[in-house]
Structures are given as C-alpha cells and as structure tokens.
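Engineer: Could you build the full structure based on these sequences and the hints that come with them?
Same order as they appear, the protein sequences are chains A and B.
Reminder that position 20 of the first sequence reads as 20 in the numbering used here, one-by-one numbering, no gaps.
Reminder that position 86 of the second sequence reads as 86 in the numbering used here, one-by-one numbering, no gaps.
Keep in mind the hints are simulated off the structure, nothing from the lab.
With the Cβ distance kept under 8 Å, some of the chain A side facing chain B (calculated, not the full set): (1) P22; (2) P25; (3) P26; (4) A28; (5) V29; (6) R36; (7) T42; (8) A44; (9) R47.
Rough simulated footprint, nothing fancy, chain A against chain B, three-plus residues with beta-carbon under 8 Å: (10) 125-135; (11) 175-183.
Backbone N, C-alpha and C define an ideal beta-carbon position, used for all residues, glycine too.
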Amino acid sequence: MKPHPESPRAPLSHPRSLPPLPSLPPYAVPPALEARAVRSATRAMPRPSVRRLPDLALALYCLGELVHALRLVHVLP
Amino acid sequence: MRGDDDEALLAAVQAGDARAMGRVVATHGPAVHALLRRMLRGDPAADDLFQDVFLAFARRAPELPRGTNLHAWLLVVAANRWRSNRRWRLVDPTRWLVLDAHGDREDTAAPFLHSTRNGEDELASREAVVNLERALATLEEPDRIVILLHLDEDLTNADRAAALGVGQPAYRKRLERARARLAACLSRDERPAP
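Structural biologist: Here is the structure:
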C-alpha cells in the first residue's frame, strides 16, 4: 500500500528544480569575539580536583599526628 | 584527523588545560559562528550565543565521553541556543517598536563577494555560494536552519534531528519542505527581471 504523502514513511521527493547545493564556507570569527569566548569559557572550566587531594591527605595526616602526640603527653586518653 | 584531534582536545580540556580551550574555539568556532550568523543575520545576539555555546562546553566538558564529536556537539548546542533565543524573540514586545526590522540586516553573502581567492574557475562556484546565501536569507528561520544543518556534511541525521529537537522522520519531512521552498527562492532569484 502506498504511504500517505504526509506520512513520515513516505519517500522523500527531491524537487527537480533544486540544483546541487554548494557547501557553505565557515565564517572567520572576529579576534575580539574569539578572545572573549575563550576567556569566559576558560573561567568556567572546572578546576581539576587532583591538586586538592594531596592537601586533604596532608591535613588528615597532620591531624592524626596531633592526636598521637596529645595521647603521648596524656592530654587525650 | 578531526576525530583524533577532538579526542586529544577534549582530554586536555578535561584535564584543565586552558590553552586547549583556545584551540577548541579556534577549530570549531568558525562553523558555530557561521551557523549563528546565518540564522540571526546581523543581530548582535549571535555573538552572545556564540560565547554561550563555548561556555556550555566548558561546563559540560568533564562529563563528555571520549570520542565525542565536538563539531556535532557544539552545533547541536548552537542550534538549541538559537531555538531558545527565537522563542524569546517571539514574545519580546520591543520587537514591535522597530519600524524597519529588516533594514539593518547584514548581507550574509557580502563576505564572499570580496573573497581574496582569484581565478575564473572559482567564479562560478563563488557565484553559486552567493546565490545560495541570498536565497537562504529569504527563507523563514525554521526552514533556514534545516538547510544549514543539511549542508553540514560532518553531521549525521541523528545530530540534525537532535539540533532541531525532533525525531528523524520529522527532520526528513522538514528537510523536504525546506528544500522545496529553497528551490522556489533560487528559481525566483534566477528569473530575469521584467
């Protein structure tokens, strides 16, 4: 059965009068616009969290050492 | 190869390399800019949306999977931003205050008329591009975006449908209608003046 012309399954009819279309060239981005886009995007980039990890580990280590020292001088049980 | 470059660029951006972000804008910016400029024809909002697209990329980059087609991803976001901007423009009451809404529209074909490329061989193809640009400018925006996405060979039909926010069958129908209207515009332009 032939599908209704409005049906999504209807075959595409290519208008004969439409010539092969050339590919459109991209637009050069004005340097000021490009610089602005890079600046705002760079600012929005999430900071990598790997640098924070050693800081956290160091803080925990120091805390552990402090607790251990306080136990040695009997300040903590 | 663009895929490999994209993968390396995305990895660098995910690692927090600010220079890689610059390379993403330099590599993919012209295509994004072209889509927005052709859609918004002289409206300064095109520049804001351009910036917005790369801002969205910066925020979403950490969760993008390896092998993401950055060109397609950025163009889909650009088309989404244009759709959102268009919805706002439709309800913006200030647009009625502009007496000559199309008087200051830029001629999108103009940059190619002053192309630095020479040679008669290129003249015909350049003329075809100029004719197409002018015909596109006369199309309604919903038809224009369909044709622009269709002409981008780096996009799949799934990308194009996603950019329009519809399924692929609906995209094909829209393309068929837009092609018919574009054909009418092109034949009207070619017809000699009486």
